[in-house]
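From just these sequences and the hints, can you work out the full model?
Protein chains: 2
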Amino acid sequence: MRMVDLIELKKNNGEFNKEQIQFIIDGYVNEKIPDYQVSALLMAICFNGLTAKETALLTQAMEYSGDIIDLSMIEGVKVDKHSTGGVGDKTSLVLGPIVAACGGKVAKMSGRGLGHTGGTLDKLESIPGFNIYKEKDEFIKQVNEIGLAIIGQTASLVPADKKLYALRDVTATVSCIPLIASSIMSKKLASGADTILLDVKYGKGAFMQTKEDAKVLAKTMIEIGKHCGKDTRATISNMNQPLGNAIGNSLEVIEAIHTLKGKGPKDLEELCLKAGSTMLVQAKLYENEDSAYKALKEVMYNGQGLKKLKEMVKAQGGNVSYIENIDNFEKANVMIDLTSKQTGYIKTLEAKALGVVAMKLGGGRMTKDEDIDHRVGLVLNKKIGDYVVSGEPLLKIYARDKVSDELLEELYHAYEIVDEKVDRPVLIEEILK
Amino acid sequence: MRMVDLIELKKNNGEFNKEQIQFIIDGYVNEKIPDYQVSALLMAICFNGLTAKETALLTQAMEYSGDIIDLSMIEGVKVDKHSTGGVGDKTSLVLGPIVAACGGKVAKMSGRGLGHTGGTLDKLESIPGFNIYKEKDEFIKQVNEIGLAIIGQTASLVPADKKLYALRDVTATVSCIPLIASSIMSKKLASGADTILLDVKYGKGAFMQTKEDAKVLAKTMIEIGKHCGKDTRATISNMNQPLGNAIGNSLEVIEAIHTLKGKGPKDLEELCLKAGSTMLVQAKLYENEDSAYKALKEVMYNGQGLKKLKEMVKAQGGNVSYIENIDNFEKANVMIDLTSKQTGYIKTLEAKALGVVAMKLGGGRMTKDEDIDHRVGLVLNKKIGDYVVSGEPLLKIYARDKVSDELLEELYHAYEIVDEKVDRPVLIEEILK
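Chains as they are written, first to last, in numbering that gives the first Met the number 0: chain A, 0 to 432; chain B, 0 to 432.
It is possible that some hints are incorrect.
Which copy? The list can't say, so a pair holds if one copy fits it or any two copies do.
The calculated DMTMM-like cross-link candidates involving lysine to aspartate or glutamate, where the alpha carbons are at most 25 Å apart (straight line), are [to be verified]:
#: 1; residue 1: Lys161; residue 2: Asp34
#: 2; residue 1: Lys203; residue 2: Glu349
#: 3; residue 1: Lys359; residue 2: Asp4
#: 4; residue 1: Lys395; residue 2: Asp418
#: 5; residue 1: Lys31; residue 2: Asp368
#: 6; residue 1: Lys214; residue 2: Glu7
Since the hints were derived computationally from the structure, they do not count as laboratory data.
The following block contains the structure:
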């Protein structure tokens, strides 16, 4: 078999069989096939796509390119959840605890933030002492004991994805649905959970720009899951504006704590309860979403969820006093309001623009090796559909030092304020399975 | 400027400007842009193409990536000719001498053969002593003195094409019209001639499979020529069967000598006279093709053309006695006939299959570094439209040693013999300008 012939095959819109896909992934991981052949193939895939069967075969070849996490020593159904990434998305920090408080087994491997999107690991590390590195045995023990652990992906998990993603990033082949789907699903499958819930986001702050694309991506991943015998479902949710109000690492942890006290933003609460009820049904712990929803809402309001978060923080070496008293979190040096120059209804609030500003403030990273400042970020006072009077604050900026006029301008440009009343956007469009 | 953004631009069917194309070519030649980004771009170009303007800009950027040959010290209009390659294509060996004998200035840089197609340099080197390496001054002196020189391309000619071609070869991005056009034209333009005649071949033995594709390629190259102010024309010729009868290096030189005595195969003679008359009109030496055709036919039949070939061979160190007496050429060890098992008309005669066999016999090379045997090859007795009786020889094989039954089978499969009369194919479809 020659790689050049396989590239030609895909260029001519042919379909790969299992051996051919295995040859490509093995050859690439073992450095027998060079980057320049793989990038040409990736571009051909961007144009001609992959069939459902090819996508599943690619995902499996990638999944088995490295270590497979065996969670069979954890009792019960292991539920996993993955968000395609957005701005202000602290769902896992709320969802993990409430699902675990209702009996779910959440053994989650998470990632770091890049560009305008944040990452769960970075958020957790704003709690002093919190350790995202755990040996496998410890990880399993923790989930068996408290039902919840969130750790970093090990370097040996899906090495094929690491190589492919790095190559896609520099060859303009990131935005290709079968490649995105196989990248996400290979990691989820290798992580060993029994069920997978995907939160596929669409809109200006997300990977997928349109609802339609998000649905295609979701369906592609559900198909892969089915092919691999895993109960896989997906929420399709709006990321035209940030989720909740806080953007920035410790700011988002604080917002998650508020939410676990029943005092969080309603959109975040709603997403966590809806996604959580699907997960509990997937885990076969509840018969239907309604009963699961009620149970989740109960633990959200009675402190059981918050207790679960504290248990996890303690088990992973974090300082629990920060969860108990949010005033312990170190404050940013500079806190200033961005005030509205207009009176009217907020029509747009560009999630991506806010994510970029949060990154520029030091809360995110452009490249993988940058350090981040956990204190900085933004907290929104007004979101789409809200009425604002000229002079009222739109948001508060938490910064290391003086905020440039340029950045204020950039932030203000993220808002569009109009005279006519604007409807609040629907957050969850659909739940697919 | 970032290469990844330029790949994205072409992926989204955008158009490059001059600076962007210059950035790509400079970056690639200077090794600032890696192979894997260029191969992704090449694949995107295979799908989305290049506009006429982009193709011309790419060609010029490639042309100026290395040395430009200055032929201004040669008096008169310098005419050049290029064939897109085929099987049995010894046109240059006949065309160069007859055009020079009619006053044309032919300062030609040629290439070697690869795969099933032969190369003019390999053919010339079957004449003992013939030297394809000449210093620039010597090259110019020779053309000024005798009107004709055929040498190898220097390593410093269009280095961008060398790198790009090598990459295209292993990434399934060879068959893309704007890339083929810019590759050919950048070398022709850098070689410094005033006019260019392209022989664009189509059919089973050619790069372009269909007449339509050949015409698109020809028009693309003519457009580039116009953009660069060079009189560029193209013949569209049939390569479903080999040109002439001989395939193999010394066998083709011998056939060229026959043709320069007015005793060559009629298809080869016709292509040389038609292409030659276009070149002489391009050189403004004749007012129209008809008068040029007559003059060329005269020098083909009166020995002036053959004399010109001898002058070139002598000027380039070759042993002229081989031209004077073809029996001097060393014979292949084994000569056997492939006889027909059927009676009927020859309907197809797969040029590519014959080219591949000639290569396997040792007359061509699979990779650039292989040695070749100048003696071996094939000489056809029967071509498309000919009537053959069972037991009659279809062709003669010239081999180093015993020919395997497998190879004989392979050769026989190149023929299709039918009962119904078959028309002889038209060789030159059109001459475009």
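Okay, the hints, checked on the actual structure:
1. Proximity of Lys161 and Asp34 under a CA criterion of 25 Å is satisfied in both settings, with 13 Å inside one chain copy and 19 Å between copies.
2. Taking the shortest alpha-carbon separations for Lys203 and Glu349, only the intra-copy value of 6 Å comes in at or below 25 Å, while the best inter-copy value is 56 Å.
3. In this assembly of identical chains, Lys359 and Asp4 lie within 25 Å of each other by CA distance solely across copies; the values are 21 Å between and 45 Å within a copy.
4. For the homomeric pair Lys395 and Asp418, the shortest alpha-carbon distance inside one copy (23 Å) is at most 25 Å, but the shortest distance between copies (89 Å) is not.
5. In the homo-oligomer, the alpha carbons of Lys31 and Asp368 lie at most 25 Å apart only across protomers (22 Å), although the nearest pairing inside one protomer, at 28 Å, exceeds that limit.
6. Taking the shortest Cα distances, Lys214 and Glu7 sit within 25 Å of each other only across copies (23 Å), while inside one copy they are farther apart (30 Å).
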